[in-house]
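S.K.: Start from the sequences and build out the full structure, keeping to the hints where you can.
Chain residues, written in single-letter form:
2 protein chains.
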Amino acid sequence: MSVSQTLTVDLGDQRSYPIFVGQKLLENPDCLVPYIVGKQVCIVTNDTVADLYLKSVESLLADYQVNTVVLPDGESHKSLETVNFIYDCLLENKHNRTTTLVALGGGVVGDMAGYAAATYQRGVNFIQIPTTLLSQVDSSVGGKTGVNHPLGKNMIGAFHQPQCVIIDTDVLQTLPPRELSAGMAEVIKYGLICDKPFYQWIEEHIAGLMSLDEALLVEAIARSCQNKADVVAQDEREAGLRAILNLGHTFGHAIETAQGYGVWLHGEAVAAGMLAALELSSLMGDIPHQEVERLRQLLNNANLPTVLPANMTGEQFLQLMALDKKVLDGRLRLVLVKAIGEAVVTEAASQDQVLQAIANCS
Amino acid sequence: MSVSQTLTVDLGDQRSYPIFVGQKLLENPDCLVPYIVGKQVCIVTNDTVADLYLKSVESLLADYQVNTVVLPDGESHKSLETVNFIYDCLLENKHNRTTTLVALGGGVVGDMAGYAAATYQRGVNFIQIPTTLLSQVDSSVGGKTGVNHPLGKNMIGAFHQPQCVIIDTDVLQTLPPRELSAGMAEVIKYGLICDKPFYQWIEEHIAGLMSLDEALLVEAIARSCQNKADVVAQDEREAGLRAILNLGHTFGHAIETAQGYGVWLHGEAVAAGMLAALELSSLMGDIPHQEVERLRQLLNNANLPTVLPANMTGEQFLQLMALDKKVLDGRLRLVLVKAIGEAVVTEAASQDQVLQAIANCS
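Here the protein sequences come in this chain order: A and B. For the first sequence, the numbering used here gives the first residue as 610, with consecutive numbering after it. For the second sequence, the numbering used here gives the first residue as 610, with consecutive numbering after it.
Bear in mind the hints are in silico, worked out from the structure with no lab data behind them. A few of these clues could be false.
It does not matter which identical chain is used: a pair holds within one copy or between any two.
[Said to hold, decoys possible] Straight line, CA to CA, 25 Å or less: simulated SDA-like cross-link-like pairs of lysine to any residue:
hint	residue 1	residue 2
1	K805	L964
2	K762	E690
3	K753	R706
4	K664	E956
5	K664	P638
6	K762	S688
7	K648	L850
8	K805	S820
9	K648	N637
10	K648	G849
11	K664	A948
12	K947	P914
13	K633	G950
14	K805	P785
15	K947	L781
16	K648	T955
17	K805	R706
18	K753	L689
19	K762	N705
20	K703	L932
M.R.: Listed below in structure tokens is the structure:
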């Protein structure tokens, strides 16, 4: 028996799209083929994922002109130079405006393939097949694409929505355990920011999720995507509400920058950052301190870090957090929680309170 | 006395914007300052235009953080490498998501600044101050931005609408005469494709237009922009009708490619291309041949070419035209006219008819 769910991301008539979540979807042409409009497909993947899943996807596309770009694996390659390899492949093989780019891989592959799709001939079709838990619950919804610039992460990009997203939970069986945990941090985040019953459900099922129970994974991924879709539908261009999706991210980005990208995985930094954000919410009197301990326990059960890096001072955090994109006119805006399942964006925290929260989590 | 007109490009609530056309607008803060949202501005221009008009624009922006990128002049610099200079300037000077890019220059500057605005931090505000007749009547409307790739023109790009467009007709006094003619080719095109009364008006006033009568220029530019806006409003993403804006362009692109970019100006190639398109329309029985002669006379009066390049064969035209973006599944689609002021997109012309039309214009 296999379990599957389909959700629809509702962006109005023309750009709404389905997310398929389930087992054995990479063997199923019905999730992929009906969403290809023209006769040309360009698969973008990386060398790790290509070895595991490229043949499965190619075998569904025997009736199309298929060209494949295999990128080097890793965030350090998320650059305009690497996107150029995709443009070169498209132009050398005469892909026209009806072509479809298929992203087969994690967040880096999806961000770059999506950016290439947003900008090739001013926009072509795009299908995502995310192969990490993080990209399944994060990049599947929201339409964010982009690359890094030497002077800043994700500084070059575009909003571009896919035709469909195919999430095959079987691929998680080959995912390194540390990356499974990192993705679980974002799953937990959805509970914290907008879905208290889901948060309780994750607490109850964290052992089964970590041991890759497929039915539980389908449920956790589908509900995470649904939560993100609900938030994004209310704020597609990130004018306001959507910022709550960044719970833990301002602290987390500071950690990633200070340690050097890749030393802490993004989800690990977000986990520690969420704990700091809840500590700060507690200091401001919005939640009882036992909620901080409750999150610490859950992160522990997901094999995620529960202390900030020992080599960082509070001052260093403040300096790095001031560079965050959410800083408007020099004021530090943070995502905090008023209660479990209810996040807010606020400038109310004083510098002293932020420093105290960091100290309490160090 | 100065003459001015304001039109509104209607794209629905949030993205509609005004086009100001008139004299002395570069001295008038009211066209520029109200359309800047944040406190940061980045002016993108080229070395030729900077010498003439940069100080005027900067003097209107004393209350803002202003950084300026001066690009090398010319189509050969319309590349991702050059766009990177704009990203570098924005990041080095810590421009945030509320920044505004101001494009001060011709089509190349507008296309690159617009593309940088479309992709910097997934999209920031953008104001156009076009300084050539061609960019005033062509790039002001439609939201097309982009750069060339070594394997194709305008292959990388995005749709991105400006906050406003400021067209100061005084700048045309410093425009080289050949570029004035090239821009006039596009003005004539609007009459041919969708506005017969305007076509007759241009015929009557071509001498005054070519001698830079400001009131006539304001009228010609405003009416050209209005015509383009009407077409684009019906087809923002270039699914169908918008293709009529390419009258003469499939022939014209073949000329530009064969001669090497810059040997014929774009508008010159379009002028000869429009004549070939009308010749073909006449061969197909849609218009009397006297309309071809009438256009030849008008192009002559605008100092535009009226014969195709002597060094090109019909076969060479066919080969190059087959590379056009409008070719779907190998069939050559062309923009022709059913009557003056009424263009159509059609695949009805046979290869023999196309060759005959080319021969008649050579």
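S.K.: Hint by hint, say whether it matches the structure.
M.R.: Going down the list of hints, with the structure as the test:
| no. | hint | result |
| --- | --- | --- |
| 1 | K805 with L964 | neither (28 Å within a copy, 71 Å between copies) |
| 2 | K762 with E690 | both (15 Å within a copy, 19 Å between copies) |
| 3 | K753 with R706 | both (21 Å within a copy, 15 Å between copies) |
| 4 | K664 with E956 | neither (50 Å within a copy, 39 Å between copies) |
| 5 | K664 with P638 | within (13 Å within a copy, 60 Å between copies) |
| 6 | K762 with S688 | both (10 Å within a copy, 22 Å between copies) |
| 7 | K648 with L850 | between (39 Å within a copy, 23 Å between copies) |
| 8 | K805 with S820 | within (23 Å within a copy, 72 Å between copies) |
| 9 | K648 with N637 | within (19 Å within a copy, 52 Å between copies) |
| 10 | K648 with G849 | between (39 Å within a copy, 20 Å between copies) |
| 11 | K664 with A948 | neither (47 Å within a copy, 54 Å between copies) |
| 12 | K947 with P914 | within (23 Å within a copy, 71 Å between copies) |
| 13 | K633 with G950 | neither (32 Å within a copy, 57 Å between copies) |
| 14 | K805 with P785 | neither (29 Å within a copy, 67 Å between copies) |
| 15 | K947 with L781 | neither (34 Å within a copy, 59 Å between copies) |
| 16 | K648 with T955 | between (49 Å within a copy, 22 Å between copies) |
| 17 | K805 with R706 | neither (44 Å within a copy, 32 Å between copies) |
| 18 | K753 with L689 | both (16 Å within a copy, 21 Å between copies) |
| 19 | K762 with N705 | between (30 Å within a copy, 13 Å between copies) |
| 20 | K703 with L932 | between (42 Å within a copy, 9 Å between copies) |
Checked against the numbered hints given earlier, the structure breaks hints 1, 4, 11, 13, 14, 15, 17 and satisfies all the rest.
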